[in-house]
Structure formats: C-alpha cells, structure tokens
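Colleague: Chains as they are written, first to last, in the numbering used here: chain A, 1 to 115; chain B, 1 to 113.
These are calculated hints, taken from the structure and not from any lab test. As the structure is a prediction and not an experimental result, all values here were calculated from the model. All residues carry an ideal CB built from backbone N, CA and C; glycine is no exception. One or more hints might be untrue.
Computed list of lysine-lysine pairs in DSS-like fashion (alpha-carbon distance at most 27 Å, straight line) [said to hold, decoys possible]:
no., chain 1, residue 1, chain 2, residue 2
1, B, 71, A, 9
2, B, 58, A, 57
3, B, 57, A, 57
Simulated DEER-style distance windows between Cβ atoms [to be verified]:
no., chain 1, residue 1, chain 2, residue 2, range
4, A, 65, B, 14, 47 to 53 Å
5, B, 71, A, 27, 32 to 38 Å
6, B, 46, A, 113, 26 to 32 Å
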Amino acid sequence: DSGVTQTPKHLITATGQRVTLRCSPRSGDLSVYWYQQSLDQGLQFLIQYYNGEERAKGNILERFSAQQFPDLHSELNLSSLELGDSALYFCASSVAATGGEETQYFGPGTRLLVL
Amino acid sequence: GENVEQHPSTLSVQEGDSAVIKCTYSDSASNYFPWYKQELGKRPQLIIDIRSNVGEKKDQRIAVTLNKTAKHFSLHITETQPEDSAVYFCAASRENYGQNFVFGPGTRLSVLP
Chain A
1 DSGVTQTPKH LITATGQRVT LRCSPRSGDL SVYWYQQSLD QGLQFLIQYY
51 NGEERAKGNI LERFSAQQFP DLHSELNLSS LELGDSALYF CASSVAATGG
101 EETQYFGPGT RLLVL
Chain B
1 GENVEQHPST LSVQEGDSAV IKCTYSDSAS NYFPWYKQEL GKRPQLIIDI
51 RSNVGEKKDQ RIAVTLNKTA KHFSLHITET QPEDSAVYFC AASRENYGQN
101 FVFGPGTRLS VLP
C-alpha cells in the first residue's frame with residue numbers, strides 16, 4: 001500500500017456527463033500528479049499540483065480540470081465525457097514541488113468507463 | 001521537451017534467465033530515472049531508480065545502468081521468476097523542471113515456467 005488513496009475505484013457513466021475523481025496524497029506529501037492510462041497505453045501525465053497551486057501541465061484536455069485543496073487532497077474533474085475518455089486514472093504524490101529526483105507513489109487508480 | 005523510448009515492447013524469457021529492457025531519452029538535462037512495475041489492473045510501483053551521478057545501482061536481482069553520454073539507461077533482471085511477469089515502465093525527469101516525469105511506452109515481460 002503506497003499510502004495514496006483514490007475514490008471511487010470504478011465509475012461508469014454516459015457520454016456528455018461530468019465526473020469527479022478524488023485523490024488523497026501520502027501523509028506529508030505536498031505534490032499531487034494526475035495520469036491517464038488508456039487500454040494498453042502508457043502513462044500520460046495530465047497535471048501536477050503543489051501545495052494548492054498548479055505546477056505543471058501535460059496533455060490535459062480543456063474539458064478536464066483539477067484542483068488541490070488546503071488539506072492537500074486533489075480532485076480531477078472530467079466533463080463532456082467521450083467514449084475515448086474511458087481509461088484508468090492514477091493519482092501520484094511526492095514530497096516536494098520540483099518534480100525531478102522525486103519518487104512518486106501511485107494510488108490504486110480509478111477505472112472510468114464511458115458508455 | 002523530453003521524449004523517452006523503450007525497447008522491446010514485449011519480452012518473453014524462460015524462468016531463471018535474465019531480462020534486459022532499455023530506454024533512451026532525449027533531454028540531456030534529465031537527471032532522475034525511475035523504473036516502475038505494473039501488474040495487470042494494479043498501480044505502478046517503483047522498483048528501482050538511479051540518479052545522474054551514479055552509473056549503476058543494484059537491488060538483489062534488479063539492477064539499473066545509466067549511460068549519460070549516450071542518453072540511455074537499462075533495467076536488468078536476473079534469475080527471473082514468474083512473479084516478475086508485468087509491464088515495466090521507465091521514466092526520465094529533470095530536477096526543478098515543472099514538466100516532471102515522462103514515461104516510456106512500457107515493456108510487457110512474460111516469464112515462462
């Protein structure tokens with residue numbers, strides 16, 4: 001167990017809908033990262049937050065947004081969902097902000113299925 | 001930006017044999033190279049990492065080597081066991097760079113009994 005928690009574990013929804021994925025980092029970690037992993041695909045970095053502020057952006061669609069709250073948990077909001085958004089969404093956390101030379105610990109993931 | 005390539009995409013070995021997975025990166029400023037193992041349906045888990053001031057690191061049956069001049073790093077697994085079967089991802093990142101981790105596309109390792 002990495003200490004990173006994600007809810008829900010599974011989510012089934014319809015096209016056009018909006019969902020929110022939640023992540024709680026390890027105790028003491030200030031950075032949260034979101035990744036998308038499609039079937040048989042690698043890990044695509046979406047966005048990083050550090051201590052409540054956006055730190056880095058990757059291949060995140062405009063329909064997606066995220067935030068990190070004062071208690072350091074983070075939420076990833078996916079709107080106007082399309083079939084292609086079906087994927088496993090991972091959250092990871094690390095201690096610091098730099099993103100480099102920082103071990104990232106992954107949560108168990110949220111499996112999203114858009115029908 | 002950083003680009004990480006990984007080879008092979010699939011690898012099958014007999015139990016007890018060694019497995020080698022190689023990654024190349026494009027950003028010469030990258031200085032941290034972790035390897036993650038992901039079993040089917042589970043989270044990626046860090047198995048070993050190496051920093052740019054080190055050429056080789058070993059942890060029991062797993063070792064990683066780094067060649068900064070050639071910009072490649074490799075994962076070596078010796079005496080493979082069936083439980084080593086998984087997808088392995090390499091990654092590269094640069095300290096103080098907000099883009100952080102760029103992952104390779106992964107290698108599916110199958111250890112045949």
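Colleague: Are the hints correct? Go through all of them and say.
Modeller: Each hint tested on the structure:
no., hint, result
1, 71(B) <-> 9(A), "violated, 38 Å"
2, 58(B) <-> 57(A), "violated, 33 Å"
3, 57(B) <-> 57(A), "violated, 31 Å"
4, 65(A) <-> 14(B): 47 to 53 Å, "holds, 48 Å"
5, 71(B) <-> 27(A): 32 to 38 Å, "holds, 36 Å"
6, 46(B) <-> 113(A): 26 to 32 Å, "holds, 28 Å"
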